[in-house]
Amino acid sequence: MTGIKDKKSARMRKAVYCCVLSLLFVLAAPLIPYVIDAHAEDVTSSKANKPVALQHPGINLWNDVRQRNEVTQGSSQVKGVDSGILINKTGEDWRRFRMEMLMPYGAYFMAAIVTAIVLFFLLRGKLRLPGGRSGELVCRFTLNQRTAHWFAVGIFWLLGITGLILLYGRFVLIPLLGADGFSITASACKEMHNLIGPLFLLAVLALLVLYIKDNFFNRDDITWITKGGGMFGGHVSAARFNAGEKTWFWLVMIFGFLLCITGLILDFSVFGQGREIMALSHVIHGISALILITVSFGHIYLGTIGVEGTLEGMTTGYVDANWAKSHHDLWYEEMSATAEEQQGIKQSVASSSTKPASSPAGD
Amino acid sequence: MARMKFYCDAERCIECNGCVTACKNENEVPWGVNRRRVVTIKDGEPGERSLSVACMHCSDAPCAAVCPVDCFYTTDDGIVLHDKDTCIGCGYCFYACPFGAPQFPSSVAFASRGKMDKCTFCAGGPEETHSADEFTKYGSNRIAEGKLPLCAEMCSTKALLAGDADVLSDIYRKRVINRGASVLNWGVQYKKAGIDG
Amino acid sequence: MFEQLVDGIFWNIALIVFFVGVTWRLITVLVLRSKRIDYSVARNSGVSGAIMANIRGFYPRKEVSGRIRLQVIAGYMFHLGFFVVLFFAAPHVKFIAQNITGFTYMTIPYWGFIVASEIAFAGLILLWLHRLLNPVTRLISKRSDHIATILVFVVMLTGCMALGEASSELRVLHRFSVELLMVYFPFSALMHAFMFIPSRAFTGVLLGRRGVNV
Numbered sequence: 000m001t002g003i004k005d006k007k008s009a010r011m012r013k014a015v016y017c018c019v020l021s022l023l024f025v026l027a028a029p030l031i032p033y034v035i036d037a038h039a040e041d042v043t044s045s046k047a048n049k050p051v052a053l054q055h056p057g058i059n060l061w062n063d064v065r066q067r068n069e070v071t072q073g074s075s076q077v078k079g080v081d082s083g084i085l086i087n088k089t090g091e092d093w094r095r096f097r098m099e100m101l102m103p104y105g106a107y108f109m110a111a112i113v114t115a116i117v118l119f120f121l122l123r124g125k126l127r128l129p130g131g132r133s134g135e136l137v138c139r140f141t142l143n144q145r146t147a148h149w150f151a152v153g154i155f156w157l158l159g160i161t162g163l164i165l166l167y168g169r170f171v172l173i174p175l176l177g178a179d180g181f182s183i184t185a186s187a188c189k190e191m192h193n194l195i196g197p198l199f200l201l202a203v204l205a206l207l208v209l210y211i212k213d214n215f216f217n218r219d220d221i222t223w224i225t226k227g228g229g230m231f232g233g234h235v236s237a238a239r240f241n242a243g244e245k246t247w248f249w250l251v252m253i254f255g256f257l258l259c260i261t262g263l264i265l266d267f268s269v270f271g272q273g274r275e276i277m278a279l280s281h282v283i284h285g286i287s288a289l290i291l292i293t294v295s296f297g298h299i300y301l302g303t304i305g306v307e308g309t310l311e312g313m314t315t316g317y318v319d320a321n322w323a324k325s326h327h328d329l330w331y332e333e334m335s336a337t338a339e340e341q342q343g344i345k346q347s348v349a350s351s352s353t354k355p356a357s358s359p360a361g362d
Numbered sequence: 000m001a002r003m004k005f006y007c008d009a010e011r012c013i014e015c016n017g018c019v020t021a022c023k024n025e026n027e028v029p030w031g032v033n034r035r036r037v038v039t040i041k042d043g044e045p046g047e048r049s050l051s052v053a054c055m056h057c058s059d060a061p062c063a064a065v066c067p068v069d070c071f072y073t074t075d076d077g078i079v080l081h082d083k084d085t086c087i088g089c090g091y092c093f094y095a096c097p098f099g100a101p102q103f104p105s106s107v108a109f110a111s112r113g114k115m116d117k118c119t120f121c122a123g124g125p126e127e128t129h130s131a132d133e134f135t136k137y138g139s140n141r142i143a144e145g146k147l148p149l150c151a152e153m154c155s156t157k158a159l160l161a162g163d164a165d166v167l168s169d170i171y172r173k174r175v176i177n178r179g180a181s182v183l184n185w186g187v188q189y190k191k192a193g194i195d196g
Numbered sequence: 000m001f002e003q004l005v006d007g008i009f010w011n012i013a014l015i016v017f018f019v020g021v022t023w024r025l026i027t028v029l030v031l032r033s034k035r036i037d038y039s040v041a042r043n044s045g046v047s048g049a050i051m052a053n054i055r056g057f058y059p060r061k062e063v064s065g066r067i068r069l070q071v072i073a074g075y076m077f078h079l080g081f082f083v084v085l086f087f088a089a090p091h092v093k094f095i096a097q098n099i100t101g102f103t104y105m106t107i108p109y110w111g112f113i114v115a116s117e118i119a120f121a122g123l124i125l126l127w128l129h130r131l132l133n134p135v136t137r138l139i140s141k142r143s144d145h146i147a148t149i150l151v152f153v154v155m156l157t158g159c160m161a162l163g164e165a166s167s168e169l170r171v172l173h174r175f176s177v178e179l180l181m182v183y184f185p186f187s188a189l190m191h192a193f194m195f196i197p198s199r200a201f202t203g204v205l206l207g208r209r210g211v212n213v
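Chains as they are written, first to last, in numbering that gives the first Met the number 0: chain A, 0 to 362; chain B, 0 to 196; chain C, 0 to 213.
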């Protein structure tokens with residue numbers, strides 16, 4: 000009895016052992032490749048030179064999220080523009096540009112131009128009309144042209160002043176107004192800048208439509224430029240607009256449209272544009288704005304105290320004939336030629352005026 | 000003086016977004032504002048890692064450098080905070096910050112940005128400590144109670160650490176050494192480099 | 000201090016001056032009208048003439064439409080934009096409900112508010128420039144016209160400055176400029192906001208009775 004029982008129990012034990020062993024094998028089987036792999040690695044590493052350059056285990060991770068090798072777009076449960084980007088490299092570039100380039104160089108640039116204008120004014124004084132006023136008036140700008148000009152002026156300076164306050168206020172106005180006072184000013188400036196901003200597009204478009212006709216460069220402009228625009232004495236002939244005025248027009252067009260496009264990108268931040276595009280827009284916006292503001296100093300100087308008789312062309316629409324002869328002789332000749340022609344036609348018709356002569360005011 | 004820092008251990012973060020939820024709940028931030036977010040890279044691929052990111056409280060903070068109204072200040076603990084009464088919502092800090100920490104209340108078309116909101120390291124703001132004003136504007140002030148930010152306090156895997164930079168780096172150094180070998184296939188295994196944990 | 004004045008006594012004064020002034024001026028106009036007795040035989044109904052003249056005033060006559068295109072377009076831009084902002088912008092609706100009517104009504108979304116104010120700004124600036132630059136309108140413009148335009152512009156600009164709703168100073172500034180405008184309103188050409196209907200009707204009745212098709 001006991002023998003059979005022993006035999007039975009021994010067989011039973013064997014079977015259990017087998018089961019356990021096979022179970023262990025099955026469980027351990029997936030690990031075999033790792034063991035081999037580790038062994039192989041051990042062999043190679045023991046063969047290789049012993050001191051290995053110690054790297055942070057996460058080095059690739061950090062290179063990736065720092066966008067060192069390529070742009071790595073992650074994903075996040077927090078939905079939003081750029082929320083998947085852990086580290087945005089352009090932020091630092093943008094900060095450098097704004098604090099170390101735009102602000103100082105913009106200020107130097109503006110100061111340099113203002114100084115140059117003041118020096119020029121002290122040296123040359125107001126450019127008088129040669130031969131005084133003739134009393135004869137020539138129509139220079141139509142009502143629409145003048146309206147568009149002053150509309151653009153108003154918008155430009157509202158935006159220019161608010162923009163400059165936002166750019167330089169921290170260093171110029173905080174010492175004067177205190178942090179709280181300047182915060183109110185800056186908030187007002189930001190809201191004005193954002194709200195009035197889109198109107199500048201309207202202004203630039205109006206200027207484009209109304210002024211483009213006489214602003215294409217031609218051969219006469221080259222002589223005008225080579226002679227320095229008569230700035231150093233001597234007479235240079237010019238058509239309705241001289242090369243300087245044409246340059247100003249095209250500067251306004253190019254930088255004006257750049258300002259509008261980048262401004263709209265910055266203003267309406269709800270269309271999913273990321274920080275990179277906005278930082279780039281801001282760079283273009285800042286450079287364009289400072290160029291236009293600076294060049295406008297020259298434009299204002301020449302239009303007001305620099306040259307006698309210029310401003311009235313933009314306020315009343317009429318300039319003195321002597322002014323036209325001395326500054327825009329080609330235009331004056333053209334005007335008088337067409338006037339004579341019209342006079343001839345009128346005389347040949349020799350009837351009472353059925354249609355009143357179109358006055359610039361009624362345009 | 001202690002210098003407060005966050006540290007997120009990519010080897011431990013499991014993208015549970017608990018820190019995000021904890022932050023939102025503790026500070027009762029407005030809709031659309033997430034002071035903290037978890038970013039996963041290589042999602043679903045080998046080498047997937049997640050990191051929780053918020054304001055890093057930089058020592059030379061870019062946001063403070065570009066702010067046109069100078070509304071940022073650094074506390075004695077090295078926490079970067081800002082004054083919402085001064086902030087004009089221009090968004091410059093948002094362009095300058097590498098981590099995307101500055102947040103603006105969700106905007107509709109044509110709306111100008113509201114006041115900026117960002118992680119305060121649960122240290123409130125310039126208002127009187129524990130006042131209702133402070134809570135509505137900046138959220139909870141746990142630092143004044145001697146507690147650390149809730150996101151790190153409740154992190155289930157202790158991936159997100161907050162506290163004194165020296166203490167954090169000690170903890171992290173120990174972790175790296177104890178880990179012995181990186182489970183990543185990327186790096187060199189420390190053990191083989193001759194460092195035994 | 001100034002804030003309390005602007006929110007309290009100044010606002011009450013402005014409200015009284017505005018309503019009393021407007022009512023008084025409208026009554027005087029209506030009284031003036033009732034004194035006139037037209038003995039001629041009516042060729043057409045005066046009432047229909049009044050209605051027609053009121054409608055006719057909304058669009059320019061063909062003969063001059065080309066010349067005054069800018070005024071018409073800018074005029075509509077300003078007035079429509081201004082009224083949309085004045086009556087349907089959320090902060091204004093809230094203010095009106097709190098201080099005048101006691102109930103709120105529909106508001107336009109924020110973007111509509113901004114677009115409307117931009118249109119109003121463009122219109123107002125263009126109209127003012129036209130007033131200044133056109134020799135005829137410059138000649139017939141009185142100081143009060145310019146003051147009214149500047150006041151409206153200041154009201155709009157301060158409103159725009161206060162858009163951030165960041166500080167009470169800017170809100171007070173806006174409200175103060177509105178109070179100035181309200182005080183000035185009954186004594187100036189700004190009364191056209193109410194007068195345009197009776198004045199057009201007046202002409203319409205006169206011409207309608209004479210059978211002139213207006």
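Check each hint, because a few of them may be wrong.
As the list claims (entries may be wrong) - Computed list of lysine-lysine pairs in DSSO-like fashion (alpha-carbon distance at most 30 Å, straight line):
id, chain 1, residue 1, chain 2, residue 2
1, B, K83, A, K78
2, B, K23, A, K88
3, B, K41, B, K83
4, B, K41, A, K78
5, B, K173, B, K136
6, A, K226, B, K23
7, B, K83, A, K212
8, B, K83, C, K141
As the list claims (entries may be wrong) - Sample of chain C residues with no beta-carbon within 10 Å of chain B, all distances over it, derived:
id, residue
9, I8
10, F17
11, V46
12, G74
13, V83
14, V92
15, R130
16, R142
17, V151
18, L156
Hints were generated in silico from the structure; no laboratory data involved. Virtual Cβ for every residue (Gly too), placed ideally from N, Cα, C.
Outcome of the hint check:
Restraint check for K83/B and K78/A: satisfied, since their Cα atoms lie roughly 24 Å apart, inside the 30 Å limit. For the suggested pair K23/B and K88/A, the alpha carbons sit about 27 Å apart, so the restraint of at most 30 Å is met. Proximity of K41/B to K83/B is assessed by CA-CA distance (about 37 Å); at most 30 Å being required, the pair is judged violated. Of the pairs offered as hints, the one joining K41/B and K78/A holds, with about 17 Å between alpha carbons and a cut-off of 30 Å not exceeded.
Restraint check: the Cα-Cα separation between K173/B and K136/B comes to about 38 Å, which exceeds 30 Å; the hinted pair is violated. The suggested pairing of K226/A with K23/B is violated, with an alpha-carbon distance near 69 Å, which exceeds 30 Å. Distance check on the hinted pair: K83/B and K212/A sit about 51 Å apart at the alpha-carbon level, beyond 30 Å; violated. Only pairs whose Cα atoms come within 30 Å are accepted, and K83/B paired with K141/C is rejected, the gap being roughly 46 Å.
With 10 Å as the threshold on Cβ separation, the claim that I8/C sits away from chain B holds: the shortest Cβ distance comes to roughly 28 Å. The Cβ of F17/C sits about 31 Å from the closest Cβ of chain B, beyond the 10 Å cut-off, so the non-interface label holds. In this structure V46/C is separated from chain B by more than 10 Å, as the shortest Cβ-Cβ distance comes to about 45 Å. The Cβ of G74/C lies farther than 10 Å from every Cβ of chain B, with a closest approach of about 24 Å, so its non-interface assignment holds.
Even its closest Cβ contact with chain B, about 14 Å, leaves V83/C beyond 10 Å, as expected for a residue assigned away from the interface. At roughly 17 Å from the closest C-beta of chain B, the C-beta of V92/C stays outside 10 Å, upholding its exclusion from the interface. For R130/C, the requirement that its beta carbon stay farther than 10 Å from each beta carbon of chain B is met, with the minimum near 30 Å. The beta carbon of R142/C is kept farther than 10 Å from every beta carbon of chain B, the shortest such distance being approximately 36 Å.
V151/C, annotated as away from the interface, keeps every beta carbon of chain B farther than 10 Å; the closest lies near 23 Å. Distance to chain B confirms L156/C as a non-interface residue, since its nearest Cβ pair spans about 16 Å, more than 10 Å.
The structure does not agree with the numbered hints 3, 5, 6, 7 and 8 stated previously, though it agrees with the rest.
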